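Asks: Line by line, the protein sequences give chains A and B.
Heads up: the first sequence begins at 1 in the numbering used here, then just goes up one per residue.
Heads up: the second sequence begins at 1 in the numbering used here, then just goes up one per residue.
Honestly, the hints are just simulated from the structure, not real lab data.
The structure presented is a predicted model; accordingly, all values stated were derived computationally and were not measured.
Treat the hints with caution; some may be incorrect.
[Unchecked claim] No more than 27 Å apart at the CA atoms, straight line, and that leaves these computed lysine-lysine pairs for DSS-like: (1) Lys21/A with Lys52/B; (2) Lys249/B with Lys227/B; (3) Lys75/A with Lys330/B; (4) Lys75/A with Lys544/B; (5) Lys471/B with Lys489/B; (6) Lys63/B with Lys75/A; (7) Lys348/B with Lys418/B; (8) Lys276/B with Lys249/B; (9) Lys266/B with Lys322/B; (10) Lys75/A with Lys52/B.
[Stated by the list, open to error] Distance ranges between label pairs, derived from CB positions: (11) Asn256/B with Thr77/A: 33 to 41 Å; (12) Asp125/B with Thr55/A: 39 to 47 Å; (13) Ala558/B with Lys75/A: 36 to 44 Å; (14) Arg73/A with Ser181/B: 36 to 44 Å; (15) Ala558/B with Thr77/A: 34 to 42 Å.
For every residue, glycine included, the Cβ atom is placed at its ideal position computed from N, Cα and C.
Single-letter residue listing:
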Amino acid sequence: MKKEDTVKLISAEGFEFVISKEAAMVSQTIRNMLTSPGGFAETEHGEVTFPEISTTILEKICQYFYWSLQYSRGKETDFHIEPELTLELMMAANYLHT
Amino acid sequence: MGGACSRKRDQVDNEDGLHGGVCGRYQKSCSSKWLMTSFSRPPLDIQRGEGKCPSLMELCAYKICEDIDRYSTFSMLPRDISQQIFNELVYSRYLTEVSLEAFRDCALQDLCLGQYPGVNDKWMDVIASQGSSLLSVDLSGSDVTDSGLIHLKDCSNLQSLDFNFCIQISDGGLEHLRGLSNLTSLSFRRNNAITAQGMKAFAGLINLVKLDLERCTRIHGGLVNLKGLMKLESLNIKWCNCITDSDMKPLSGLTNLKSLQISCSKVTDSGIAYLKGLQKLTLLNLEGCPVTAACLDSLSALGSLFYLNLNRCQLSDDGCEKFSKIGSLKVLNLGFNEITDECLVHLKGLTNLESLNLDSCGIGDEGLVNLTGLCNLKCLELSDTQVGSSGLRHLSGLTNLESINLSFTGISDGSLRKLAGLSSLKSLNLDARQITDTGLAALTSLTGLTHLDLFGARITDSGAAYLRNFKNLRSLEICGGGLTDAGVKHIKDLSSLKLLNLSQNCNLTDKTLELISGLTGLVSLNVSNSRITSAGLRHLKPLKNLRSLTLESCKVTANDIKRLQSRDLPNLVSFRPE
C-alpha cells in the first residue's frame, strides 16, 4: 500500500497504528480532519494524535474500522467487545463519531 | 383480520401526525395502516435495519445492556453517552428498577418510558435526580401515582410530560406540576380522575403549546383555567363527552390555537360560535359532535382552516351552501351525515381539497359531477353511497387521485374503465359483490397500485391472471369465494406483498401455501375458511417476516401454529386459531 493511502493514528502512550485511509475514514471525525481543505495539519502529514485515547482502546477502534469495512461489503460477522472496555471505548467512539 | 363476512373498518379519527401528509391516513382501504398500528413495538432485527453497519457507539451500547448488572453508575459518563445507554436499555427492555439506579444523577434529558413494564413511584426518585437537565419524561401506561409526581417539582426545566393512561393520577398529582412553567407539552390521555379542581394547576403553565386531555371524562368546567395560556397551539379533548358549549367560551381568546379536537363531545352550533376569532386555526375535528350546517356560519370566518372533520355530525343539506366560503380547506370529512347531491354542489369551488370523505352519505352519481373541478383531490372516500355505474365518468379527469374507496357502492364492471386513466392511483377499494373478473380486466393499466381490496368481489382464477400487472401491490384482499389454487399461481410473483387475505375461498388447499412460500415480505396472511391442513404449514417456514397468521376454520390447530412459531417464525405475534 502506498504511503499516501495510509494514515498513522497515535495513542496517548505514543503507540502508532498505521492503517489504510479508507478504514480510518469510517470515523466521521477523522474523515473531516483528512478531507477538510487547508485546515488541519493532520491532512498534510497523514498523522493524527489522540492524547485522550489509550493504546488498548485505539487498537480496538482500528479493529472496528476494518470490521466495519468488511460488514459493509456483506461479511456480517459479530464484533467482539471485552466488557471491561465498553465504557472507555464508547467515549472514544463518541469522540470519533463512529 | 377477516371475519366470515365482508366488513368495513371502523373509521376512527386519526389526526395525530396529520401534518406528515394528508393522504394515506384517511383511506379505509389502506390495509397497511393496520400493520403499523397493531404492533406497538417492531421486532428488533427489522428496526435495526439489516445490512446497515452498526456504529461502534451502538455496539458498545448493546454490549453494556447485555451485561448491565456489571455497572453500578454511569454518572461519570458524558450525558450524551449515558443517554444513549439508557435509550438502548429501554429499547431492549433490559431496564429494571435495579438497573435504573445506575442512572442516578446522570443529567439525562429525555426519559421515554411510555408503556414500559413495571414503572411505578419507586422509579421517580432516580428520574427526578436528573434535576434541571431533565427536559422530557414519558411515563404513559405506568402505575405512577399522585405522590410519585412530588419528585418532579424540582425538575424546573421540564418541557414535555406524558402521563397517558396513568389512571392513578388525580387532581392531587396535578398540583405538583403547578410550578413547571417551562412545560410546552403536557398529556394526560384517558384519565377519569382529573377534574376542574385539579386543572387549576394548569393556569400557571404559561408556556404550554400543546395540551392533550383526550378521553378525560370529568374535565367539564376546567378549561377556564386555560384562558391565560396564550401560547397554546394544540388542544385535544377528543372523547371527553362531558365537554359542552360552555367549555368553548374560555377558548375564544386563545388566538394562537392551530389545532382543536373536540370530537365526540356535547358541543353544538352555539358552542362553535365561540371559535370565530381563532384566525390561526388550521385543524378542527368535530367528529361525532351534535353540530349542524349552521356551525358553518362561524367556521367560514376561519381563514386558515385546512382540515375539517365533520364525520358523524348532524349535517343535512340545509345550510351547506356556506361550505363554499371555506376555500382554504384541503381535507374535508363529511362521512355519515344526512347530506345528498345537493350539498355537493357547494363543494364545487373548494379547489384546494386534497381529501374528501363522503362515506355513507346520501349521494349518488349525479352529485359527483360537482367534483370534476377538484383537480387536487388525492383521496376520495365514497364507500356505502348510492354511487353507481354512471358516476365514475366524473372522476376520470381527477388524475391526481391516489386513493378511491368504492366499497359497498353500486358500481358495475362496465364502469370501471372510467378509472383506467387514473395513473396516480395507489389504493383502490372495490369491495362490492357485483364486481367480477371483467371489471378487474379493465384496470390493468393501474400499475402503480399498492393496495387493492377486492374483498367481496367475485374474482375467479381467470380474473386473478390480471393481478400480474400490479407488481407493486403491498396489500391484496380477494375473499369472494371464487379462487382456487390455480388462481394463486398469479399471485405468487407479487413479491412486494406484505398483506395477503385470501380467506373465504373454500377451495384453496395446501398447494396455495406452497405457491406463496416465496412471498417472503409477507407480514400478514389470512387463508381462513379454506381446505388448508396442518400438513401445509411447513410451506410457511420461509416467511420469516410474518407477524400475523389467520387460519380460522381450517384443519389447523393452535398447537400446530405454535410449533411453527417457535421453530421457524420468531416474529409471529398474532395468530388464529389461538
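Asks: State for each hint whether it applies.
Replies: To see whether the hints hold, each was checked on the structure:
1. Lys21/A with Lys52/B: holds (21 Å)
2. Lys249/B with Lys227/B: holds (9 Å)
3. Lys75/A with Lys330/B: violated (49 Å)
4. Lys75/A with Lys544/B: holds (21 Å)
5. Lys471/B with Lys489/B: It holds: about 14 Å lies between the C-alpha atoms, which stays within 27 Å.
6. Lys63/B with Lys75/A: Distance of about 20 Å is within 27 Å: holds.
7. Lys348/B with Lys418/B: holds (21 Å)
8. Lys276/B with Lys249/B: holds (11 Å)
9. Lys266/B with Lys322/B: holds (23 Å)
10. Lys75/A with Lys52/B: OK: lysine 75/A and lysine 52/B at ~12 Å, within 27 Å.
11. Asn256/B with Thr77/A: 33 to 41 Å: violated (55 Å)
12. Asp125/B with Thr55/A: 39 to 47 Å: Given about 40 Å between the Cβ atoms, the range holds.
13. Ala558/B with Lys75/A: 36 to 44 Å: holds (41 Å)
14. Arg73/A with Ser181/B: 36 to 44 Å: Because 54 Å falls outside the window, the suggested range is violated.
15. Ala558/B with Thr77/A: 34 to 42 Å: holds (38 Å)
Checked against the numbered hints above, the structure violates hints 3, 11, 14; every other hint is satisfied.
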